[in-house]
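Chemist: Reassemble the complex: the two chains are provided individually, in unrelated frames, and hints are given to aid placement.
In order, the protein sequence lines correspond to chains U and H.
For what it's worth, the working numbering labels the leading residue of the first sequence as 61, then goes sequentially.
For what it's worth, the working numbering labels the leading residue of the second sequence as 18, then goes sequentially.
Hints are computed from structural coordinates only; laboratory data are not their basis.
Everything numeric in this text was worked out from a predicted model, so none of it was measured.
Every residue gets a Cβ at the ideal spot worked out from N, C-alpha and C, and that includes glycine.
Don't take each hint at face value.
To be verified - One-sided excerpt, in silico: chain H residues whose CB lies under 7 Å from chain U: (1) 57; (2) 100; (3) 103; (4) 125; (5) 127; (6) 149; (7) 172; (8) 196; (9) 292.
Spelled out, the chains give:
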Amino acid sequence: MSILLPLLLLASLIGGWELVARAGGIENYLLPAPSEVARSLVEDRDLLLPDAWVTAQEVLLGFGLAVAIGVLLAILLHLSPLLRRTVYPLVVASQAVPVIVIAPILVIWFGFGIAPKLIVIALICFFPIVVNMLDGLRSVDPEQAKMLRTLGGSRVALFRRLELPSALPQLFSGAKIAAAVAVIGAVFGELVGSDAGLGHAIQVGTAQLLTARVFAAVLILSAMAMLLFALVAALERWAVPWASDARAGR
Amino acid sequence: MPAKGADLIETEAPEKEPRHLRASEPPGVPVSLSGVSKSFASRHGTVHALENLTLACDPGEVLGVVGPSGCGKTTLLELICGLDSPDAGAISVAGAEADRERLERCALMPQRDLLMPWRSALDNATLPLELSGMRRAKARERVAPLLERLGLEGFGSARPQELSGGMRQRVAFLRTLLAGKPVLLLDEPFASLDTITRADMQEWLAGALGDQPRTVVLVTHDVEEALYLSDRVVVLSGRPGTVRTELPGAGADRSRPRRETITSHGFMALRERALEALA
Numbered sequence: 061m062s063i064l065l066p067l068l069l070l071a072s073l074i075g076g077w078e079l080v081a082r083a084g085g086i087e088n089y090l091l092p093a094p095s096e097v098a099r100s101l102v103e104d105r106d107l108l109l110p111d112a113w114v115t116a117q118e119v120l121l122g123f124g125l126a127v128a129i130g131v132l133l134a135i136l137l138h139l140s141p142l143l144r145r146t147v148y149p150l151v152v153a154s155q156a157v158p159v160i161v162i163a164p165i166l167v168i169w170f171g172f173g174i175a176p177k178l179i180v181i182a183l184i185c186f187f188p189i190v191v192n193m194l195d196g197l198r199s200v201d202p203e204q205a206k207m208l209r210t211l212g213g214s215r216v217a218l219f220r221r222l223e224l225p226s227a228l229p230q231l232f233s234g235a236k237i238a239a240a241v242a243v244i245g246a247v248f249g250e251l252v253g254s255d256a257g258l259g260h261a262i263q264v265g266t267a268q269l270l271t272a273r274v275f276a277a278v279l280i281l282s283a284m285a286m287l288l289f290a291l292v293a294a295l296e297r298w299a300v301p302w303a304s305d306a307r308a309g310r
Numbered sequence: 018m019p020a021k022g023a024d025l026i027e028t029e030a031p032e033k034e035p036r037h038l039r040a041s042e043p044p045g046v047p048v049s050l051s052g053v054s055k056s057f058a059s060r061h062g063t064v065h066a067l068e069n070l071t072l073a074c075d076p077g078e079v080l081g082v083v084g085p086s087g088c089g090k091t092t093l094l095e096l097i098c099g100l101d102s103p104d105a106g107a108i109s110v111a112g113a114e115a116d117r118e119r120l121e122r123c124a125l126m127p128q129r130d131l132l133m134p135w136r137s138a139l140d141n142a143t144l145p146l147e148l149s150g151m152r153r154a155k156a157r158e159r160v161a162p163l164l165e166r167l168g169l170e171g172f173g174s175a176r177p178q179e180l181s182g183g184m185r186q187r188v189a190f191l192r193t194l195l196a197g198k199p200v201l202l203l204d205e206p207f208a209s210l211d212t213i214t215r216a217d218m219q220e221w222l223a224g225a226l227g228d229q230p231r232t233v234v235l236v237t238h239d240v241e242e243a244l245y246l247s248d249r250v251v252v253l254s255g256r257p258g259t260v261r262t263e264l265p266g267a268g269a270d271r272s273r274p275r276r277e278t279i280t281s282h283g284f285m286a287l288r289e290r291a292l293e294a295l296a
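Isolated chain H (complex conformation) (with noise of 0.2 Å):
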């Protein structure tokens, strides 16, 4: 069982710093959008991604985003960082509303770890240190430790194709952290994963997340997994994807262990509201 992700959060910022966000700023900025809308083109027409879709996140906040597949949820996730534009609405990220800005803000961890399979568990992790200038000696020392409290210890010099399904999550999770920026858009991060090293991740995220907030757009069609560990969850409608109905998570309560939350009366109340707005 991995450490809880406690400390992870503070150490990531490098003291040279280039860019003009630094973790030493207060967790977790505002994100906002409004009215946002998006399509693509596609061989058989135009798809509605999403449409008219306002949402606020405050910060600190972990904000769940549940929804049918296919509901434009990724696209959500892409358009608040930066990779893509809105057609129609204003996206907001502490302010910034450029694409470049809110690039800059914004830490995405994808569906697949997309680790790099020719560098090391380890020099996966300081990839994004290394990227902002840091040598790669110094990168290494600085994210060893991190490792082992993510229960890798050990396993610093393995190839990503030696990790287990769960490990190489922990460090593609890793990964974005040390980013170090104050908004992290996390995109079904459990997914790949078998029930039970699911369960342990999302204990463990949950540990992270309330050690250190930070302000976490989580996307995932996992009902349970979005009640447990936001604070607040929205529950999205089919293509195009539009606010169907909001509920409260339990964000609150993430220092209780996870089976004791999600077997709750309350828990298993919002659950069944929650499916029942997906249906």
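Only chain U is shown next, with the shape it has when bound in the complex (with noise of 0.2 Å):
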């Protein structure tokens, strides 16, 4: 049931777009139907395939790289109460500074590899990684913190028996954000300067008025950005269960 209603609104919603499409009066590099977008999604998948695979990369190595310096930097900012004063209202100023004038920059200075996208995926993932994180090591139940003093725990003991666990839904929260924004750090990075992956595509692509193969590109993102989603969200449901029982109610 969960699945049948969103299922029933996109074939409406897809079905009424062809529908408008087909009626004429709209060009078709305006708008193509969505039967075109599949024929391209066909038809052009030797030129997609291979764009989709290095967005692909980037995408996981970006948020690989952003989970990573993410934990790191809320575990250290929650250890050190000096470095959370001094670096993480950085961390949040750092998200005030638009991506579009960091990743020129960054084309300058790494060139048209994957490093440049890398660094603006990470930048764009790493912060709702890190906030999420952070409070979760925080919000430890103080009573619990307590207790462990009394049965002998030391600090580290502390951190690792309770406050790492506690913060481990908080950290799936803040990845699951991070999964969902990957993807548009890639093609940012892309259309900024490359020569291959899907925002690349769609660059070519628009200037060509190959309107259908864009949809088509954009189409591939979306499902890139569901499928990483899932996979955290599968990976949640595998290391945290005792969180989603709480949910459920058990």
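Modeler: Dropping the structure here:
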């Protein structure tokens, strides 16, 4: 049931779009019908698939980088109040700098390769991870912390046995947000300067008015984002089963 | 009905007990408070939780502490076990007065079971052993039989959410015991349970304490619970808490069935006196 309703909505939207596109009056290169997008998806697959692979690599690596940096930073900020006071505001400030401004500079520095894309993705993705993870680490039940002390727990034990597991559900919340925007970061990095990837394909397609191919590329990107999100969600159910139990009200 | 806690208490000391206190010492050590005061700053001004409180608990004695809610009972336990220091007065546990030393000698069982949702029932109980450096596999091996004796057979791998309130409380109690401390501080241990489970658990605890005495401070707002489980009961006044009166408890009758004890004339008279003191 939970999947039926959104599917129904999607089908009717696509159906309506198809009807409008076919009724004429709108040029093909402005609004291709869904059927034309599907055809492009099949016919241009030799073009699109290698690009998709390039983007997928960027997304996965960039996302992984963001998780690693985000978790590490959150832990450091949590353990050191001094660091938290000095670095945390800068972390927040880093999100105020538009990626639009940074991306071209990164291309100047690092060229058309994968590096600037990874940096852009990591820059967008690490923030929700740091913020959520840090909140998780800091929101440990104080009663539970006391209990651990009376049982003979040291500071290290407190971190390992209580704070880290308590923060896992939050970490996954942050990672899910990051997963959804990681693809945007990749496309962004590619639009600014690249010779491959779906962002590149979109850029070329737009210039040539191959609108159906542009839509096809966007479709693949959406699928990629959903897939990554689903992957993180599945990992969450495996790693934090108690949290989903609690949500289900068991 | 869970088996009586009987030989639970003897088994907990790990071979390589890093703390200098071992369960092989005589069960229980003296606890004393003299002239203890504690107040907290709150938004509505200073709250005087305890004032000039003097208490003593003999080795192996179960001391019940009852009082109206907000009379500083939880504060009292946190002070004894060294999680907090008194503003004035002195607290001694087995002769040690420093916060850190008291913390090493006391095990606190809080009101809420505070089981970790990511650990199974068994692994929640093994926590203190792991904290003292025992490998998890070994700790499990050692604790699994104890869990069975608590009536939790087959529930070792269950997560806390899957257990009933009484079961959770028993796991929490086992965890407290396994810390291997000579002093047990119980903070409303059964407050979250329904009446029937609560009566069961009281009877079970009475058995556990009777078979293997150690120094216990039991804080509760339930007069009957305090009188039934304790050797001696102290009634505190409302905030700030001071000793209002002291009564003997039914601790000596722990081997008798609970219902028999609590319906006896002597017990009813004590209950009357305690309620009077509380009023």
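Chemist: All the hints need checking, so say for each whether the structure fits it.
Modeler: Okay, the hints, checked on the actual structure:
no.: 1; hint: 57; verdict: violated (14 Å)
no.: 2; hint: 100; verdict: holds (6 Å)
no.: 3; hint: 103; verdict: violated (17 Å)
no.: 4; hint: 125; verdict: holds (4 Å)
no.: 5; hint: 127; verdict: holds (6 Å)
no.: 6; hint: 149; verdict: holds (6 Å)
no.: 7; hint: 172; verdict: violated (15 Å)
no.: 8; hint: 196; verdict: holds (5 Å)
no.: 9; hint: 292; verdict: violated (30 Å)
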